[in-house]
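Visitor: Here is how the chains run, residue by residue.
2 protein chains.
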Amino acid sequence: MLMRLSLAALLLAGTVPVAIAQRAFPAPVDPQVARLRDAALKDDVAYDIVEGMTTEVGQRLAGTEAEARARTWSAAKLKALGFKNVRIETYRMPVWVRGEERAEIVAPFPQKLQLAALGNSGATPATGLEAEVVIFPTYGDLAAAPDGSLSGKIAYVGNSMKKTQDGSSYGQAGVARFAGPALAAQKGAAAIVIRSIGTDDHRLPHTGTTNWPAGVTPIPAAALSVPDAKLVEAMARRGKPIRMKLLLTPRQVGEQESGNVIAEVPGSDPAAGIVLIGGHLDSWDLATGAIDDASGVAITAAAAKRILDSGKRPRRTIRVVWFGAEEVGGFGGRAYAERHGRERHVVAAESDFGADNVWRFETAFPASAKAIGDRLASALAPLGIVRGSGTAGDGADIGPIVAQGVAGVDLNQSGLDYFDVHHTPDDTLDRVNPEKLRQNVAAWTTMLAIVADAPEEIGPVERPAR
Amino acid sequence: MLMRLSLAALLLAGTVPVAIAQRAFPAPVDPQVARLRDAALKDDVAYDIVEGMTTEVGQRLAGTEAEARARTWSAAKLKALGFKNVRIETYRMPVWVRGEERAEIVAPFPQKLQLAALGNSGATPATGLEAEVVIFPTYGDLAAAPDGSLSGKIAYVGNSMKKTQDGSSYGQAGVARFAGPALAAQKGAAAIVIRSIGTDDHRLPHTGTTNWPAGVTPIPAAALSVPDAKLVEAMARRGKPIRMKLLLTPRQVGEQESGNVIAEVPGSDPAAGIVLIGGHLDSWDLATGAIDDASGVAITAAAAKRILDSGKRPRRTIRVVWFGAEEVGGFGGRAYAERHGRERHVVAAESDFGADNVWRFETAFPASAKAIGDRLASALAPLGIVRGSGTAGDGADIGPIVAQGVAGVDLNQSGLDYFDVHHTPDDTLDRVNPEKLRQNVAAWTTMLAIVADAPEEIGPVERPAR
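Chain order of the listed sequences is R and E.
The first sequence begins at 1 in full-length UniProt numbering and counts up by one.
The second sequence begins at 1 in full-length UniProt numbering and counts up by one.
Just chain R, with the same shape it has in the complex (with noise of 0.2 Å):
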């Protein structure tokens, strides 16, 4: 009321923009819903899932015994905090583990290097691999490269990553490590080491999945730390010829079980569709996977568990998917979409993106459950939350169902320092500050006690193409 008395007062000023001053007043909230939030802000749940995922378990590489650990661990937690309908669905997945992994400067300068090699990295013979090093600043330097010009070289890609709010420069650095090793392959290259994709200056790499099309056989592949990478750089520019020795042993397991691990809390209406929620379980195995993504899976659990607990039923069915094998190829998604795609799912949305506060949503509703956004905005203001101008649906884990038009909400995490820990040694519970985890609590419990109860039918979405 105050807001609307000055506003007015704005308008007979003439100093309110027509744009501020035609937009709808917002929505109100409704006071369930901001008692829930702000009690969220006290949340000790999802700090703990962390803790313990981090402290108990450790690493849990998709396949592996670790993540099979990861499933046992959550189904117990899931249970202990009062889920409902908790179960493991298993599938088999093909399994890459990491060996030995050494490199260093023979010449010019004789250094030792900080590397890991890329997800489905190739190997060096055991003895290692010996050559003189190609350097190309950017992927687009690579590309342009005459085809057979790198054989028997190592090709060295710079693409260096900048820092940005919503984590976009990671597709345009990434690609030097998604498809470059595959292109350096194919004009002949022995191996290839690329810059971290990474926006920190620490001596620790990144590591993350490469592809390699049909017919095309994976060479090894790494990635320097970034100060390493900058090192060859410094040295590139001596002029002088670089000679790399590099050893790696990573080798293929063959099909491994691996699985997701699913949690309820009930709806009262069956008919009015599932709320499908959750990140990933499975982790790089550098590190105890703090962020990426024991806190997705943490903020998920523990904003369900606050409905769970709120003594009244959700509308509709929230369903907790801590999915497996995200990293290495969005195995769990895709083994869940394959067992429940024909479930009616109503809204999906991920978290996977760190431990950073939320500060924007993005969503995509059908134009009959519109006013459900206008809702959230409002809920969601009081935490620093502003609404985008974008759609809904991202995350590896729910695409599968969002390609089906399911309806979404995105909780965006500032990306501005995830990728300074992405994907190496450094993720541990070091990175995950208390505090905004909260704040991530609270953003979801807003969303949920929203959209889980919300009176509008929730039908399918199109998408804009991209």
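Calculated directly from the structure, the hints in this document are not laboratory data.
Warning: the hint list may mix true and false statements.
What the hints assert, rightly or not - Capping the alpha-carbon separation at 27 Å, the derived lysine-lysine pairs in DSSO-like fashion look like this:
| no. | chain 1 | residue 1 | chain 2 | residue 2 |
| --- | --- | --- | --- | --- |
| 1 | R | Lys230 | R | Lys162 |
| 2 | R | Lys436 | E | Lys163 |
| 3 | E | Lys436 | R | Lys230 |
| 4 | E | Lys312 | E | Lys42 |
| 5 | E | Lys436 | R | Lys245 |
| 6 | E | Lys230 | R | Lys436 |
| 7 | R | Lys112 | R | Lys230 |
| 8 | E | Lys312 | R | Lys42 |
Chain R is fixed; fit chain E onto it per the hints.
Guide: Same frame as chain R, but now just chain E:
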């Protein structure tokens, strides 16, 4: 003059404490000193030295061929910069080298750990060593353990370190590294792992020398990265026995050659004595030693070069020494004192605390030369450097010369972030802020301009015992 009037006005108004009013007014700053100081804020020589040494040499562990390459590189660099009497002076010293190093928690929660052997660590069997871990939160707790109580066990010592401006917490926490391994060995431990003596939370362990008194047989001794140490402590809080597997294969390789690199700015009055400055050329083996201590050698040489190039020969000879083998026990400093201790040194100053801004200076002058300190205070103040109330003469390398009663000036760098990086794989060029390096060069240039040209005789000093 303006200040004098203002102060008088304030005194009349009765608002200035007596202690301030009674202080002497600042000594005037020689315009030539001010010009040299301000020009040094644009220095590029120091950064060029650090960049070159870290790129073209890299790690330079004492007594190894890498340190020998560093001496060759350094002598060539100092000659190219125009210094006189550039020479290498060698000596012999015992050398320890790192081997393989791996650690994992076997039970109750299998996890791999990041660690680094401490200098002079013993070795495990080639197949490793598995034992129960006994947790000591502090060095004092280890000291209180009964003799023989650690038989066959691995001792863990926490003794966590906090940041301090003057770095004094290093001594406090560092005793766990300096003396903890010998103490654990005396109590029968099979091995010891400590929490890194560091203030960061990255997965990068801090190495450093440990000491074995005569009669104590070295045991395997290593430092866990801080996050790994916190993980072990979190596991310990669960109350179940912890078993660790440890593989460390360092070895002593006997007496090897090390050396000091010396360069001079000749003075006009040989009887006025030598101003000795420098840092240490060797580094730990885990990184390129950019802040420890390429920065120190670079800062002192860059400052001396500014005096060399000033167009006016200083009264006293400035001798720049890049000491060898500091990290592993101060061999270079002792070798220098043995060879040159009978020459007339009048002031000694060392830069071996990173590359952060100088925030304070201390002096130790005889009463007859106290005015030099007053002139330093005036000239350093515009760089944000305050006068301390302690004494000067700090530094492992100048220690043996200082012990003869030589006067000293300490230009203290901020220690707040130094121990984030100290002795870790992260000590690379990325840690050097060019602007802060220039502030250091300006401080050292100012100090040299005043001290090397001071008309006062600078006789011996007596320092208070600590």
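Visitor: With the threshold set at 27 Å, check whether the alpha-carbon distance from R/Lys436 to E/Lys163 stays at or below it.
Guide: The given pair, whose Cα atoms are some 24 Å apart, holds under the 27 Å limit.
Visitor: Are E/Lys436 and R/Lys230 close enough, with their CA atoms no more than 27 Å apart?
Guide: holds (21 Å)
Visitor: Has the given pair, E/Lys312 with R/Lys42, been kept, meaning a C-alpha gap of at most 27 Å?
Guide: Answer violated: E/Lys312 to R/Lys42 is near 68 Å, above 27 Å.
Visitor: Sort out whether R/Lys230 lies within 27 Å of R/Lys112, counting only the CA atoms.
Guide: Holds: R/Lys112 and R/Lys230 sit about 13 Å apart, inside 27 Å.
Visitor: Is E/Lys312 within 27 Å of E/Lys42, Cα to Cα?
Guide: The given pair, whose Cα atoms are some 20 Å apart, holds under the 27 Å limit.
Visitor: Against the 27 Å threshold, does the CA-CA distance of R/Lys230 and R/Lys162 hold or violate the hint?
Guide: Satisfied, since the Cα-Cα distance of roughly 14 Å is no more than 27 Å.
Visitor: Does the structure keep E/Lys436 and R/Lys245 at a Cα separation of 27 Å or less?
Guide: The given pair, whose Cα atoms are some 36 Å apart, is violated under the 27 Å limit.
Visitor: Take a quick look at whether E/Lys230 and R/Lys436 sit within 27 Å of each other, Cα to Cα.
Guide: Given that 27 Å is the threshold and the Cα spacing comes to 21 Å, the pair holds.
Violated hints, in rising order: 5, 8; the structure is consistent with all others.
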